[in-house]
Every structure is written in C-alpha cells, then in structure tokens.
Amino acid sequence: MIDLKRLSRRGLLNMGAIGAASLVMPKGLLRPAYAAEPLAPIAEEDAVIGFGHVGPITDEGWTWSHHQGLLAVQEAYPKLKKIHEVENVPYSADATRTYRQFVSEGANMIFDTSSTGDFLHEVVRRAPDVAFMECDGHAIMDNLGWYYLAHWYPTYIVGVAAGHLSKTGKLGYVASFPVPSVFCSTNSFLMGARSVNPDATLQTIVINSWFDPQAATQAGTALIDNGCDFLFGIMDEAGYLQVAEKRGVWAAMWNTDIRRYGPNAYVSSIIIDFKDFYVDQVGKRLAGTWVPGEHILPLAGGVDRDVWGQNVPKEVGDAADAVRQKMLDGWSPFVGEIKDASGATRVEAGKQMTELDLYTWDWSIEGVSGLSG
Amino acid sequence: MDLLTSLLATAFLAGGVLAFAALGEVLAERVGVVNLGVEGLMAMGAVTGVAAVTAVPSPAFGFLASLAVGAALGIAFASATVFLRANQVLCGLALTLIGTGLSATVGRGYSGMPSPAVFERVEIPLLSKIPVLGPALFSQNILVYLIYIVLPVALHYLMFRTRHGLNLRAVGENPAAADSAGIPVGLIRFAYVVAGSALSAGAGAYLTLAFVPSWSDGVVAGRGWIAVALVIFAGYRPIPVVLSALFFGFVTALGFVGQARGWPVGAAVLSMMPYLGTIALIIVPVLAWQKVRRLMAAPASLGEPYHRDLR
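Chains as they are written, first to last, in the working numbering: chain A, 1 to 373; chain B, 1 to 311.
Keep in mind that the hints were calculated from the coordinates and are not lab data.
Treat the hints with care, since some could be wrong.
Cβ-to-Cβ under 8 Å is the rule here; a few derived chain B residues that face chain A [what the hints assert, rightly or not]:
#1 Pro114
#2 Asn174
#3 Ala177
#4 Gly262
#5 Val265
All C-beta atoms, glycine included, are put in the ideal place defined by N, C-alpha and C.
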C-alpha cells in the first residue's frame with residue numbers, strides 16, 4: 001500500500017516514517033474540478049491570505065520563488081487586510097498547527113507551497129470556507145486544489161543543449177530522492193540529450209536531501225571523476241555548480257538564476273515563477289469565482305529555461321530554443337515508444353504521455369542509471 | 001585522476017571535518033572533561049566563518065574568527081564545568097542546543113550563499129609529485145595539511161613526549177594526585193577545554209571555507225556526534241583519531257564513487273557504509289583483544305568534576 005516512489009517532491013523534507021503512509025496517491029486521479037459551490041466573494045480590505053513555506057525565503061531557490069509570488073500578490077492587491085507568511089514549516093504535526101493558526105487568524109485563502117499532505121488536509125476538512133492550494137499536492141477536495149510546474153519541457157530543452165555540449169556523452173545528475181519529480185527530470189533531460197546524441201547516458205547519484213551542499217559537492221566531484229562533463233540535478237543550492245566551475249565542465253540548475261556562482265560552467269536553469277498564478281488565484285477567491293482545481297503551470301507560463309550561459313555557443317542555444325518553440329506550438333517529445341531501464345516497452349509507439357503521466361512518472365528510461373525504479 | 005587518487009583526495013577532504021573536531025574533543029577529554037557541545041561549536045564555527053569572510057574577504061580571517069568564537073563558547077562551558085563543577089553532560093548538550101539554534105538565527109542571511117573567500121589549493125613542491133598520495137594529500141588546501149600533518153604530530157608530541165603532557169594526562173586520570181603534585185588542575189582543565197572548543201569550531205569553519213563551501217542551516221548534520229564517537233573509538237589519541245576520521249571519509253567517498261560508477265549496490269547501502277565500516281573496523285578489534293581494550297581505555301576521571309575540598 002505504501003508506495004514510496006509516489007511521495008511528493010518536497011514532502012520528504014523532515015519526514016518521519018509515519019508520514020510516509022499519508023502521501024499515498026490514488027491511481028487515476030485526474031478529475032474535472034469539483035462541482036462544489038464557489039466560496040462567497042470577499043472584499044479586498046477584509047481578505048486575509050496565508051503562505052506556508054518549507055524553507056527560508058532567503059534560499060534563493062524554491063521558497064524564494066514562492067515569496068516573490070507573495071510580493072506580487074501584495075502589489076496586485078495593496079488593500080489586502082493581511083498576508084501571513086510562515087517559513088520552515090516542518091513536515092510534521094507542526095504543519096497542522098501552523099495552518100490551523102492561519103485559519104484562526106481569519107485567513108480566507110491559504111497556500112501550502114510544498115505539499116504537507118495529510119497534515120494540511122486535516123485543517124482543510126475543518127475549515128470549509130477557506131480556500132486551500134497545495135503545491136505538488138495530489139488530493140482535491142471541496143476547498144482544496146493543487147498546482148505544480150510542467151518542468152519536464154524546459155528540462156528537455158536543457159537536455160538538448162547538453163546533448164550538443166557534452167563531448168563524452170556522459171551526463172551526471174545529482175538527485176535528491178527517487179520520487180516522480182526526479183524520475184521525470186532525469187528522464188526528460190536524457191530524452192532531450194538523446195535527441196541530439198543517441199548514445200548519451202545519464203548517471204545519477206542520490207544524496208537523500210534537497211539541500212545538502214556538502215553531499216551535492218561530493219556527488220558532483222564523483223560524477224566528474226567518472227567522466228561526466230555535464231552536471232544537472234534538482235537541488236536548492238549551488239553546490240555542484242561550483243564544482244563544475246572549478247573542474248571546467250558544464251552545469252545546469254533549478255529554481256533561479258544563480259549563474260554568478262559559476263559563470264563559466266552555467267548553461268541554464270529550470271526557472272520557476274509563481275507570480276501570475278498566485279495573483280490570478282487570489283483574484284478569483286476575492287471575486288467569488290475560485291473553485292478547487294488541478295493546475296500544472298505550462299512552459300513559458302510559470303516554468304521555463306533560463307537565458308543561456310555566457311559560454312554556451314549561440315548555435316547550441318538556438319538549436320535548443322528551436323525545440324522550445326516547437327513545444328510552444330504544441331509539440332510534445334514524450335511520445336512512445338519509450339523503454340524503461342530494463343529494456344521493456346513502457347509507452348507504446350505513437351502514444352503520447354499525458355501531463356498527469358509525466359507528473360507521476362516513477363520509472364527510469366533506458367540509459368538512466370543509479371535511480372532504483 | 002585515477003580511481004584511487006580521486007577517492008583518497010575526497011577522503012582527505014571529507015575526513016578532515018571529523019578529524020579537526022575530534023582533535024578538539026581529544027584535548028578536552030584527556031584532561032577529564034566530556035564536551036558534548038561539539039555539534040553546536042561546529043555550527044557556530046561554520047556560520048562565523050562565512051559571516052567573517054563576508055565582512056573581510058580573507059579565509060584566514062574567517063578561520064581565526066571561528067576559533068575565537070569557539071574559544072568564547074569554550075570559556076563559558078569550561079567556567080561552568082571546571083570551576084562551577086556543573087554536570088558536564090548537561091552543559092555539553094546545552095552548548096549543542098545553543099550552538100545549533102544560534103547559528104541558524106545568525107546564519108539566516110547567509111543561507112545557501114557560497115562563501116565569498118575560501119581556502120585555495122596549495123601544492124607542496126616535490127611532495128605533490130608522489131604518485132597517488134601526492135595529488136591526494138599534498139595538493140589540498142592549507143587546512144588539510146594542518147589537520148593531517150601538523151596538528152596530530154604536534155599534539156602527540158605534546159601529550160606523550162613532554163612533561164607538560166604527562167601533567168595534563170595526570171589531570172585527566174587522577175586529578176587529586178595531580179593536585180598533590182602541585183599541578184594546577186583547574187587551570188589546565190580550563191585551558192584545554194577552551195583550546196579544544198576552539199578547534200571544534202575551527203572544524204565548522206573548515207566546512208564552510210574549504211569543503212562545501214557555503215553555509216546552510218544543518219550543514220554540520222550530526223558530524224559533531226560522529227567526532228565525539230571517533231574520539232572514544234580511537235582511544236583518546238591524536239594520531240589514531242585522525243586516521244579513523246580519514247577512514248570514515250574514505251568510506252563516505254566510496255559511497256559516492258560507487259553510485260557514480262553504477263556499482264550494483266543500492267544507494268541506501270552505500271550511504272550506510274561509513275557506519276557499517278566504523279563498526280567493523282573499530283569496535284570488533286576492541287571486543288576481540290584484551291590488550292587493545294586496555295590501551296583504548298578512557299582517562300580514569302573522565303566526566304568527573306574535581307572537588308579539592310571534598311576528598
């Protein structure tokens with residue numbers, strides 16, 4: 001019953017074994033938005049919004065990006081009565097306490113920027129007139145929706161660049177946990193690279209953390225020692241970028257533009273941006289038109305590749321951008337036949353993976369090694 | 001670089017944190033004071049290092065600032081445990097709690113930011129040309145030389161080859177006898193606990209100024225406790241402490257290399273290896289041979305406050 005591979009992206013932070021059972025995701029969860037009555041409209045002067053973050057807003061990564069969203073909400077609705085923001089919400093019963101506190105302070109809408117699963121849902125059930133949005137969530141209720149990013153598209157684009165830039169064809173990946181975000185990220189990255197260099201392979205190292213500069217540094221070093229000349233990963237810090245800079249190989253990052261920590265090695269980043277989404281959601285809540293829904297923010301609408309690094313040749317950037325343009329025109333690279341690491345066909349020829357398939361991807365494609373799927 | 005060289009280079013770098021912190025703990029425990037505050041001292045040292053080089057971009061300055069902060073905390077700890085004779089275990093735990101909490105608060109503004117100045121690699125002429133060991137040990141940053149060569153040799157000489165070393169060990173073994181012989185027990189304990197605290201904080205600065213190199217809350221990640229354990233395993237002796245830290249670093253590095261090379265062993269097993277290795281290499285011989293056990297014994301008065309008037 002407990003399926004560890006389905007655990008959400010950030011839910012694993014501070015997670016104890018007990019929490020594991022709570023995030024089990026039901027199969028086939030795609031449903032249309034609930035047909036529940038929208039919550040009543042509310043005047044801007046009376047509205048209270050709450051944000052709960054997993055990390056500190058100074059992290060220059062995930063939480064920082066959500067904080068930018070909060071600032072955008074503040075700017076769009078300057079008359080809001082209050083915006084509450086709590087950092088470092090742990091994945092434990094303390095999260096329940098935090099969100100209950102938001103409710104008791106009169107919050108009308110609450111964003112959980114890194115799925116706390118059942119610890120949040122307990123509060124959701126008891127506050128039916130408060131709108132909840134859970135980032136990287138999986139459940140939907142009368143007053144709870146979720147949102148995430150289609151990071152697989154920019155990742156594929158960066159993969160294309162990696163295919164051009166890597167001379168050895170050996171790519172390295174610093175992974176956090178074997179969860180869907182990571183499977184999807186490694187797979188789409190290698191698929192992008194293989195569209196250029198069919199012999200490319202991807203070696204991953206799992207370091208069991210989203211934020212451990214020391215482990216990421218060592219993992220990056222080990223990958224380079226093993227012949228990798230392009231590092232990618234899903235980390236909230238610049239650890240392996242600094243290694244790449246020192247060792248003279250390429251690196252691509254996540255979350256924000258942190259090229260200043262390795263200007264020569266920097267290729268691009270999976271840039272995330274929740275500003276418009278938050279402003280839109282808060283606007284709907286105020287107007288009384290908010291309904292719980294499932295939102296995967298699309299390429300160029302919340303997630304994108306970053307401006308190419310200073311050393312990336314123009315033709316490489318252009319080649320990758322051409323793929324990006326094709327995607328914006330509706331093309332998807334995630335079409336069968338796709339084989340898993342054991343060589344078995346997992347996606348039939350001609351069949352296209354849906355956004356939800358991609359969101360819940362939990363096996364490695366051929367050529368990815370090191371992630372036990 | 002071939003496999004062995006790169007493994008060893010990473011091992012020296014990774015083991016250095018533990019070796020540094022553990023050397024500090026050896027100083028304190030040899031004079032009879034258990035300092036369980038290593039984890040907190042390392043956290044404070046780590047954040048001080050980054051904060052200091054942010055203000056003045058010189059790694060040496062950051063390192064010295066960390067030593068100073070460690071010494072200041074050590075003075076508080078030593079005053080309580082040596083002069084006021086408070087319970088050493090409780091004071092140590094308090095120091096860890098204060099250190100981790102305070103460092104998180106102080107470090108908020110520096111979180112995730114790479115250190116503006118770090119210790120660069122310094123190649124030692126001639127020695128760095130030795131195959132395998134040269135590139136692994138003799139082309140590292142200056143702190144690595146300090147940890148693996150200067151400090152263990154100096155401390156070993158001090159403890160086991162000088163009269164002063166005899167005195168300081170006597171203070172840890174039998175403070176009453178030392179006191180009768182005219183050795184200033186309180187002063188020696190105080191001085192070495194403070195010096196040890198400074199070294200432990202220096203281990204934190206090594207993390208943020210040479211190894212990682214950036215600060216984040218939880219960057220020490222329990223290594224302070226491993227350092228305390230290493231001291232016990234290595235029989236309270238400087239050179240074995242450094243060697244066992246190196247071994248620990250080696251096995252950790254092996255875990256990463258194993259994953260990078262795609263060895264058919266689970267990632268979880270590879271991350272477990274340092275701990276399994278510690279058990280195998282260090283505990284088993286102690287259990288097996290009586291003589292080793294006597295050699296590795298703790299100072300007889302370890303953990304006991306000395307009351308001259310209560311004898």
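Structure-based check of all given hints:
Interface hint at Pro114/B: satisfied, since its Cβ lies 5 Å from the closest Cβ of chain A, which is below the 8 Å cut-off. This hint is violated: Asn174/B has a C-beta 41 Å from the nearest C-beta of chain A, more than the 8 Å allowed. A distance limit of 8 Å between C-beta atoms decides the matter here; for Ala177/B the minimum to chain A is near 44 Å, and the interface restraint is violated. Given hint, Gly262/B at the interface with chain A, holds; its Cβ is 5 Å from that chain's nearest Cβ, closer than 8 Å.
Restraint check, Val265/B versus chain A: the minimum CB separation of about 11 Å is more than 8 Å; hint violated.
Of the numbered hints stated above, those contradicted by the structure are hints 2, 3 and 5, listed in ascending order.
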